[in-house]
Amino acid sequence: MNGIALQFVDVVQRFRVIHERPDTLREVFSGLHRGAKRTTYHDFEAVKHVSFQIPHGATVGIIGRNGSGKSTILKIIAGVYKPSSGQVHVFGSIAPLIELGAGFHHELTGRENILINGLLLGLSKRQIRDLEQQIIDFAEIGEFIDAPVKQYSSGMYMRVAFAVATAVDPDILLVDEILAVGDAGFRAKCSERIASFHERGKTIVLVSHDSSQIREFCDRVLLLHNGELITDATPDEALARYDELIGHSQPQTVPAIPGR
Amino acid sequence: MFQFCADLYRYRELIWALALKELRVRYKRSVLGFLWALLNPLLMMIILTLVFGTLMRFSIDHYAIFLLSMLLPWTFFSQSLAYGVESVVGNAQLLKKVRVATLVFPVAAVLANVINFLLSLLPLALLIVLLRFPLHWTWVYLPVPMLGLFLFTLGTCFLFATVNVFFRDVSHIVQIILSAWFYVSPIIYSLDFIPQKYRFFFRLNPMLYVLNGFRLSIYYGLLPSVQSVAMSLACGMGALVIGFGLFRRYQDSFVYYV
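Chains as they are written, first to last, in the working numbering: chain C, 1 to 260; chain R, 1001 to 1258.
It should be emphasised that the hints constitute simulated quantities derived from the structure, not laboratory data. Be a bit skeptical, because a hint or two may be false.
As the list claims (entries may be wrong) - Heads up, simulated DSSO-like pairs for lysine-lysine below, C-alpha to C-alpha not over 27 Å straight-line: (1) K82(C) with K48(C); (2) K1096(R) with K82(C); (3) K1021(R) with K48(C); (4) K125(C) with K1197(R); (5) K125(C) with K150(C); (6) K1021(R) with K125(C); (7) K1028(R) with K125(C); (8) K125(C) with K48(C); (9) K150(C) with K189(C); (10) K1096(R) with K125(C); (11) K1096(R) with K1197(R); (12) K1197(R) with K150(C); (13) K150(C) with K1028(R).
Just so you know, these numbers come straight off a predicted model, no measurement behind them.
Please model the complete structure; the sequences and the hints are all you need to start from.
This is the structure:
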């Protein structure tokens, strides 16, 4: 499993931020009529000319402040967004899942949701049937598996969701701050599962705000700032740079107090 | 179109699971559960039979059967559309989080209603036997008009679901369109009732051709002409080509608008 798992070449993701979007036909027509209240928008680049390569078997963290483009990059990798320009190459299967439990229906039982979620993640029915018991055991959910998920505690819900998402066993695992799931015991199990992915030579991309997690898992870290990739380095270097960045940029948002 | 069939095959398990989910959610927490899929049309048919068999008598023999032969497929169409129009917007949370072939949602919405529709044919057959109306052998021909109807419904759902992503009003308008469409289609009446000079306008309605085969085989016990079959399938394919074409063209931008 040598070679490149993921490659971004000069990727830009632009969003059109629309103000006063005419969501209804009436607004469109009245807008045409009077020509007055036209839609205004500005293009917002959530990801700006980002390039990087991730080799197979690497565990790479993505850090940055809120709105720096971390999740957008994960969504581009997953294929939810098509980038506005640039190229994305993904070599290997991917779990196209960004958020745990997306697609769970609260009226359906855990078992029914496992089936639908598994199918959404690209498994076949047969594969899911084979994995089902393993998922139920991992989630430590017991007989609640046949109760509608609306009766689950949020911890149970997330445990089932995590169990399904990682049972898929993709070549490239995308993790978006989902390790803060459940109690300490379950968190340890999650960490273990991530570690086992790593041991088996799988590629992991991890978005996190938790620096200890980043240090624990990652051998490389990408630091994003306002959609730009500003550092691509070892965890210690990148985290140091990140601390520096937070330290520097925060005072900017607060107006300077005269006389200080 | 080839792409469409390939995707259908590729996602067949997911589509099937989503359709079952839709039905399961619909009948969940009701004591009779899935039985409602049979009971509902049966009760509705009994009411219609009573109303038109005793209260309002038309010159049409066995008016209830005459009506039901087209009302059931129409109900399928209108319910599919009511669900289908929301099928993309309603799954916004999924679209934003998971890479998934968007087409599975409208298809699953229609498929759930196909199952419902097929189930509703059982009480119809039962009613026909109870009323001592002949159960024509032409029933075996029903799969042909069904194919036309399903294709037409699917195409219309794709069209409305796509437009609804960009203009949410569509989900409101759809009910109005459906009720107008219902009255201009010869469901409660026959095209013969319409004065000759206006019939031309009624013939522009694709629904006429899509529904025609149902009344012919269920009520009249006749096989439609080749021409009529061709028209029904052509309407179905035409709707699908237009609807799916539009859907395909815009599906990549759905995620930014839902």
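The hints, checked one at a time:
This hinted pair checks out: K82(C) and K48(C) have alpha carbons roughly 14 Å apart, not beyond 27 Å. Our distance criterion of 27 Å between C-alpha atoms is met by K1096(R) and K82(C), whose separation comes to about 12 Å. At most 27 Å may separate the alpha-carbon atoms for a hinted pair to count; K1021(R) and K48(C) exceed this at roughly 40 Å. Restraint check for K125(C) and K1197(R): the C-alpha separation of about 57 Å exceeds 27 Å, so the hint is violated.
The suggested pairing of K125(C) with K150(C) holds, with an alpha-carbon distance near 24 Å, which does not exceed 27 Å. Only pairs whose Cα atoms come within 27 Å are accepted, and K1021(R) paired with K125(C) is accepted, the gap being roughly 15 Å. A distance of roughly 23 Å separates the Cα atoms of K1028(R) and K125(C); the hinted pair therefore holds under the 27 Å criterion. Restraint check for K125(C) and K48(C): the C-alpha separation of about 40 Å exceeds 27 Å, so the hint is violated.
About 24 Å separates the Cα atoms of K150(C) and K189(C), which keeps this hinted pair within 27 Å; it holds. As the CA atoms of K1096(R) and K125(C) are separated by approximately 24 Å, the hinted pair is consistent with the 27 Å bound. At most 27 Å may separate the alpha-carbon atoms for a hinted pair to count; K1096(R) and K1197(R) exceed this at roughly 52 Å. With a C-alpha separation of about 59 Å, the suggested pair K1197(R) and K150(C) falls outside the 27 Å cut-off, and the hint is violated.
Our distance criterion of 27 Å between C-alpha atoms is met by K150(C) and K1028(R), whose separation comes to about 13 Å.
In summary, the numbered hints that this structure violates are 3, 4, 8, 11 and 12.
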